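Enquirer: Could you slot chains B and C onto chain A? The hints should help.
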Amino acid sequence: MHMADALLSPAVGVSMCAVSAGAVVYAAAKIKKEELDEKKIPVMGVMGAFVFAAQMINFTIPATGSSGHIGGGILLAAVLGGGPAFLTITAVLIIQCLLFADGGLLALGCNVFNMGLIPCLLVYPLLFKPLMGRSFGVRRLTAPSILGVVLGLQLGAFAVVVETLASGITALPFATFLAFMQPIHLAIGLVEGIVTAAVLHFVFAVRPELLESAAAGTKIPAVPMKKVLLILGVLTLVTAGGLSLYASGYPDGLEWSVEAVTGSSELEARGVIHSAAAFLQKTTALLPDYDFPQEVGRSAVPGTSAAGLVGGALTFGVAISCGLVISAMKKKAKNKAA
Amino acid sequence: MIQAQNLTLTYPDGTVSINDITFSLEEGEDTALIGANGAGKSTLLLGLAGVLTAPEGALFIRGISCVKKNLSLIRRELGLVFQNPDDQLFMATIREDLEFGPANYGIQKEETQKRIEEVLSRLGMEGLQEKTAQKLSGGEKRLAAIATVLVMEPSIMLLDEPSSFLDPANRRNLIRLLSGLPQTKLIATHDLDLALELCPRVILLKAGRILADGKGEELLRDENLLQSCGLELPLSLAGTKGKCIKK
Amino acid sequence: MSSIQKVGREIYLMERLAQGTSALHCLHPRAKIVVTFCYLVAVVSFPRTEVLGLVSFFLYPAILIPVSETPWKPLFRRLLPALPFVALGGISNLLFDRTTLFFLWGVPVTSGMQACLSIIEKAGLSVMAVLLLAATTPLGELSREAKGMKFPGVLVDLVVLTCRYLGLLWEEGVTMYTAYLLRAPGEKGIRMRDAGPFLGNLLLRSISRAERVYRAMVCRGFAGEFGYCNSTPLKPGDLLFISAVPGVFTFFRLVNFPLLLGGIFV
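Residue numbers (our numbering), protein chains in the order written: chain A, 1417 to 1754; chain B, 7 to 253; chain C, 2 to 267.
Keep in mind that a hint or two might mislead.
Unchecked claim - List of simulated lysine-lysine pairs, DSS-like, C-alpha gap at most 25 Å:
1) C:Lys148 x B:Lys115
2) B:Lys120 x B:Lys137
3) C:Lys151 x A:Lys1448
4) C:Lys151 x B:Lys115
5) C:Lys151 x A:Lys1446
Said to hold, decoys possible - Label-pair distances were calculated between CB atoms; the ranges are:
6) C:Thr100 x B:Gln140: 54 to 62 Å
7) A:Lys1448 x C:Thr176: 31 to 39 Å
8) C:Thr251 x A:Gly1438: 44 to 52 Å
9) C:Thr251 x A:Val1622: 30 to 38 Å
These aren't lab readings, by the way, just hints derived from the structure by calculation.
Predicted, not measured: the structure shown is a model, and the values here were computed from it.
For every residue, glycine included, the Cβ atom is placed at its ideal position computed from N, Cα and C.
Only chain A is shown next, with the shape it has when bound in the complex:
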């Protein structure tokens, strides 16, 4: 589920970075305030390493530009508590980005949101913990694990779809994108859920105090389950409708979702979408001359296509030769010194 920089627009990238940064600062401040038990820090580091290693197993999702693999968010949250788990996943994502080029630097905001905030700060306190109840027991670990993981991954995958479409770099229609992402993450979620349950069973059997202290650290909001599900459902619909207004248009997917939400006619819808999206882009764009994706198709035509090719090849050639010349110069200097 790691998103790459190439599929993001600066607007989406930076705004998600802001959202995630806010959450990180909040979680870190909370930990400092509660004077984290010294023992927890190495546990956080190890759990991070563990999840990192587990995420090395990748499933490719064809045609979406994304990969599928286990998130680990719920497992972490169960062992560490929501806030520390969120920070741990953030650390893992940073390492994956910097040292392994897995997920872009600008895309960190999105990735932290999709794979960290959603499972650790939303699904864990709102679904997992209430389902667990006050005590941990062998039977009680399985259902919450599976449900929590599945929901976390579904929401995360959905967020990826929305963020990618809002960036307007890919041509995939909304419905098709969803049709790829959701079922595959459902399958991954089931597997991860079962493995999470198994691991938690084991941990509970050997060192129950770990799970219990994590649970103690997280407060269950006093909201009844039905309300929570209703709220989550409404949020989903609103984001689907609202963000599809924002996303740049490819007729099929947009029409479908806009009609589903607003029921307005095709032409009207397009007009609304264009002006709304254009307005949003103008106010949030970093570079004033960033072309609105809709018009690019017409304006980016290199009129002199031959000139374009020649120029491109030449520039590329210049780049490579610079590189080779510098390498040669360095080698010479080394040989001289030797």
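Expert: For chains B and C alone, coordinates are given in the frame of chain A:
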């Protein structure tokens, strides 16, 4: 140097490991801490370094009371060498491991480099600096772990089973090295021969209590006493059974 | 498990590379972070179907890789796995965006193709920029700068700690896996039903190990935050780098240099 009065140490789950012990250690008084597995040797060392939950009773290191706010100061004075060198070597290279301690105390780079060079040459470890801990042999790891503590220039060295994981030649090296160190040493060990060679004083622990505290020469020849704690005579004395003190 | 063994080698690869002494390594880490960020923003901000403008941005890695004496093979090894996923995203453009823009030697070039190529270029460039940063700046310096830029200390330390523990976990995992296989002859991997206890055990052992390592760190003065030698001030060379290079990026972003160059010859 170390003064413990009615010291009790408990694990987080409530088990008492060190039960109401009183002892003191003077400067230069190298002491061996001996006892069977589970007697509490490692726990005592960890407790002295202020790593476990707050000790009950009084504990003073060089006159400083072992409470949370003084821990940073205390750890500067106490160098604890862990039983497993892998626990102590966690950076990418040995050089970084050596720099870790001084950096935490804000010691400037030049001073740190000077100390590192001194320690490396004293231990005969020049050339191991850039290696990864994973690639070292058991003996080299042990030396590296000791080096990481020596660069901090502590006044007291606590060593937990220093001769474990070592072959005879490396063990001999270690004994030679330790006997040349100026720091006051408290060594927790099963290796009673090492204790006999290095430590004039011996404290015998059993089930978290001090059973005996006295001259190594005498204690380590007392076969009955040792056997009552699950220990045996040092190998070098095994042939002198006839000369043992039998009570 | 072989991928876990690879992880062990690869973490230390970046750390080893970052210990180099080239001109790029000697630049202040803040300069490198700022410039990398500007580069990424410039690259990512190109319109969807821009292909030519991006080519100028190849100059950055092409020059910096030899200057930093980073071996290009490991860099490309890191780059290649990242590309296919993005290329697949590009394929969606090929399939769904079929507006023909122009003809090249009789072959219709669709905006979908341009978009696909653009995505691949952006992916390669952005990944290389980040890898260059990681390969020329030790993690310790990156953490120090992050703290200087007011990132939450807890998070920065967690990043460094997690890196350390990756190595630990790797060792434990390999040992346990070997022990398992020796008692399960004929199995090629861990059976599904053993996955829970195996992973759980690995986890708990790693946690115990991590607690011991943490104690060792604490005994050597670690007080919750990694201590760093004082940050050096920015030198004139660093300031020049920070001001001139993003200026070049802005130029190449706004001016379609390859097109101009081609126009001279054609």
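Enquirer: Is the Cα-Cα distance between Lys151 of chain C and Lys115 of chain B 25 Å or less?
Expert: holds (24 Å)
Enquirer: A range of 31 to 39 Å was offered for this pair. Does it hold for the Cβ distance of Lys1448 of chain A and Thr176 of chain C?
Expert: holds (36 Å)
Enquirer: Quick one, are Lys148 of chain C and Lys115 of chain B close enough, alpha carbons at most 25 Å?
Expert: Status holds; Cα separation ~20 Å.
Enquirer: For the pair Thr251 of chain C and Val1622 of chain A, does the Cβ-Cβ distance stay inside 30 to 38 Å?
Expert: Hint violated: Cβ distance 58 Å, outside 30 to 38 Å.
Enquirer: Lys120 of chain B and Lys137 of chain B were given as a pair; does the straight-line alpha-carbon distance stay at or below 25 Å?
Expert: Within the cut-off at roughly 19 Å; holds.
Enquirer: For Thr100 of chain C and Gln140 of chain B, compare the CB-CB distance with the range 54 to 62 Å and indicate the outcome.
Expert: Since the Cβ atoms of Thr100 of chain C and Gln140 of chain B sit about 56 Å apart, the hinted range of 54 to 62 Å holds.
Enquirer: Return holds or violated for the Cβ distance of Thr251 of chain C and Gly1438 of chain A against the range 44 to 52 Å.
Expert: violated (29 Å)
Enquirer: Is Lys151 of chain C close enough to Lys1446 of chain A, meaning Cα to Cα at most 25 Å?
Expert: Roughly 16 Å between the alpha carbons, so the hint for Lys151 of chain C and Lys1446 of chain A holds.
Enquirer: CA of Lys151 of chain C to CA of Lys1448 of chain A, is that 25 Å or under?
Expert: Answer holds: Lys151 of chain C to Lys1448 of chain A is near 15 Å, not above 25 Å.
Figure legend: structure checked against the earlier numbered hints; hints not met, in rising order: 8, 9.
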